[in-house]
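Student: This is what each chain is made of:
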Amino acid sequence: MMFKELDPLLHSQLRLAVMSLLIGLESAEFVFIKEKTNSTAGNLSVQLDKLSEAGYLAIDKSFKGKKPVTTCRITKKGVKAFEDYVTALKQYINK
Amino acid sequence: MEAENQILTTQQSLDIITKMIRQAHGNVKKNSVYLILWGLVVALANLGMFVLMWMEYPMPYLVWLITVPAWILSIYISYRHGKNAVARSHFDRINAILWYSYGVIIFTIIVFGYKINFQLNPIILLVSAIPAFVSGTIIKFRPLAIGGILLWIFGILCFLVGGPWQYLIGAVAVTSGHLVPGLMLRNNPDR
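So the protein sequences, as listed, match chains A and B. FYI, our numbering numbers position 13 of the first sequence as 13, with every residue one higher than the one before it. FYI, our numbering numbers position 174 of the second sequence as 269, with every residue one higher than the one before it.
No lab work stands behind these hints, which were simulated from the structure alone. Because the structure is a prediction, the values reported are computed rather than measured. Check each hint, because a few of them may be wrong.
[Claimed, not checked] Calculated cross-link-like contacts (lysine-lysine; reagent style DSSO-like; alpha-carbon spacing at most 30 Å):
{"no.": "1", "chain 1": "A", "residue 1": "K66", "chain 2": "B", "residue 2": "K178"}
{"no.": "2", "chain 1": "A", "residue 1": "K80", "chain 2": "A", "residue 2": "K61"}
{"no.": "3", "chain 1": "A", "residue 1": "K61", "chain 2": "B", "residue 2": "K114"}
{"no.": "4", "chain 1": "A", "residue 1": "K50", "chain 2": "A", "residue 2": "K90"}
{"no.": "5", "chain 1": "A", "residue 1": "K50", "chain 2": "A", "residue 2": "K34"}
{"no.": "6", "chain 1": "B", "residue 1": "K125", "chain 2": "A", "residue 2": "K64"}
{"no.": "7", "chain 1": "A", "residue 1": "K61", "chain 2": "A", "residue 2": "K34"}
{"no.": "8", "chain 1": "A", "residue 1": "K34", "chain 2": "B", "residue 2": "K235"}
[Stated by the list, open to error] Example chain A residues on the side facing chain B (calculated, C-beta under 7 Å, incomplete):
{"no.": "9", "residue": "L9"}
{"no.": "10", "residue": "H11"}
{"no.": "11", "residue": "A17"}
{"no.": "12", "residue": "S20"}
{"no.": "13", "residue": "L21"}
{"no.": "14", "residue": "L25"}
{"no.": "15", "residue": "F32"}
Glycine included, C-beta positions come from ideal geometry on N, C-alpha and C.
If we strip away everything but chain B, and leave its shape as in the complex, we get (with noise of 0.2 Å):
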């Protein structure tokens, strides 16, 4: 783009506005590491916990602690992204905000879990479907809003089934919710 004295015909000028602001969409494909990671531990766990009560293991809710090195490795990555970022879309502002206060709302409700008996699988996925399929409607990826919908389909089962199995639902939620939308974002060419 060196010519800066060429006088621009509507049809140059509409084709360096449209190439830019496509420029412009950014690289979503970055916030998929979270989706994976979050997907895959929080599958983990939850099949953890399943199989620790049939077992008749005796603190079975101990499997949760493998989240801690999951909040560590999501800090650090998100402050490497926010370091190496050169470009900040108005998207990744309004993504940013929603994973955070999401982030806030889970943390509140594991801290108050003891007033609600623990049981804690149902609301978890249900407020877990709002951010998915707000994020894949904004960045028109299906396959997240769909994981959204999941989400809040596999909530309403967690309320009806009781015990070990809502463990059962919850790693099959968060599977096909964040872990495998995650894994087709990373993955997928356009993005």
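Next comes chain A alone, as it looks inside the complex (with noise of 0.2 Å):
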């Protein structure tokens, strides 16, 4: 069964992954995501600044000691998003 009414945002593998990920977290670094999401560095980057311009996640820079570490945390929009998203999944299994 192939989709289109659902949130093009999250309708996509390494973005759907990491929203996934993110639900069951309360933050995850760069480094974690990546390698639980088996994706390179420059497509998870394109792909998290996506979802952070729409407000699902926020972004947080920051240092741990000398080095720069990216923290990751879902936002209420992402939530509300991914339950949205999830909600119509399940309406079309349950067709």
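Each chain sits in its own coordinate frame; assemble them with the hints.
Tutor: Structure follows, in structure tokens:
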């Protein structure tokens, strides 16, 4: 079955993986997300920016000692979007 | 996960969601170090107290000084865990609050122990039952939840028996309630 009506921002392999991962976490660093989603740094960076621009993610850049660290967490808007996506998915499955 | 423009099917979407949610469960095994450390230290202190009381040593309570390095080690391990953590789950936060609160309560009981003639063991065991049971239930690790129940039962037993036997019961209680579940968690390949 193919989809067209689902949130296009979430209906993408890596972005959906990122959101599914972060929904169960308070926050996660870029390296953790990269490892768990098995993605490349470049691609992940682009997708995180897209999710951040939509207000689904909050991205915080800081330092751990001298090392720059990017930390991501899902926002309320992101949680709502994810829930709506899952609800829509259920409807398709139950059809 | 490179094919960004690929259209997902319901099954693929579900697979991604379930796989990633499973990944977010995190590593609860790292918490086993505290259960093992404190299970061991408190069991040894209880046994030491039991033996020294039988030997009629005038200051058997000095054996509890072995908990001082355990506190320092716990704070150091906790600092290292925090520094190296690349992700923080909701469970991590709840668990940390639960065990920190427990630490504060235990500290308070010990400080004001003189008000109740240092009859601390039953109370400490009963209070210890809460974080073990709740933590074990949240992470669905039955040995720890059962450990919590055992701490409660041994706490009641401590009220019923007096004198040095309380300390022998205390040693058995923390071994079964903290040490053994901690070792089982550490050696569990699914965690």
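Student: State for each hint whether it applies.
Tutor: The hints, checked one at a time:
For the given pair, K66 (chain A) sits about 13 Å from K178 (chain B) by alpha-carbon distance, which is consistent with the 30 Å threshold. With a CA separation close to 24 Å, the supplied pair K80 (chain A) and K61 (chain A) stays within the 30 Å bound. Restraint check for K61 (chain A) and K114 (chain B): satisfied, since their Cα atoms lie roughly 27 Å apart, inside the 30 Å limit. About 25 Å separates the Cα atoms of K50 (chain A) and K90 (chain A), which keeps this hinted pair within 30 Å; it holds.
Annotation: proposed proximity of K50 (chain A) to K34 (chain A) holds, straight-line Cα distance about 16 Å (limit 30 Å). Between K125 (chain B) and K64 (chain A), the direct Cα distance comes to roughly 21 Å. Compliance with the 30 Å bound is thereby established for this hinted pair. Note on K61 (chain A) and K34 (chain A): the hinted pairing holds, with a Cα-Cα distance of about 16 Å set against a maximum of 30 Å. Proposed proximity of K34 (chain A) and K235 (chain B) is supported: the alpha carbons are some 27 Å apart, at most 30 Å.
Because the smallest distance between the Cβ of L9 (chain A) and any Cβ of chain B comes to about 12 Å, over 7 Å, the interface hint for this residue is violated. With 7 Å as the threshold, the beta carbon of H11 (chain A) comes within range of chain B, its nearest partner Cβ sitting at about 6 Å, so the hint holds. At a threshold of 7 Å, the smallest CB-CB gap from A17 (chain A) to chain B is about 5 Å, leaving the interface hint in force. A least Cβ separation of about 4 Å between S20 (chain A) and chain B falls short of the 7 Å threshold, and the interface hint therefore holds.
Annotation: L21 (chain A) was flagged as interfacial toward chain B, and the flag holds, the nearest CB pair being 4 Å apart, inside 7 Å. Hint on L25 (chain A) holds. Least Cβ distance to chain B is approximately 5 Å, under the 7 Å limit. For F32 (chain A), the suggested interface contact is upheld, since its CB lies about 4 Å from the closest CB of chain B, less than 7 Å.
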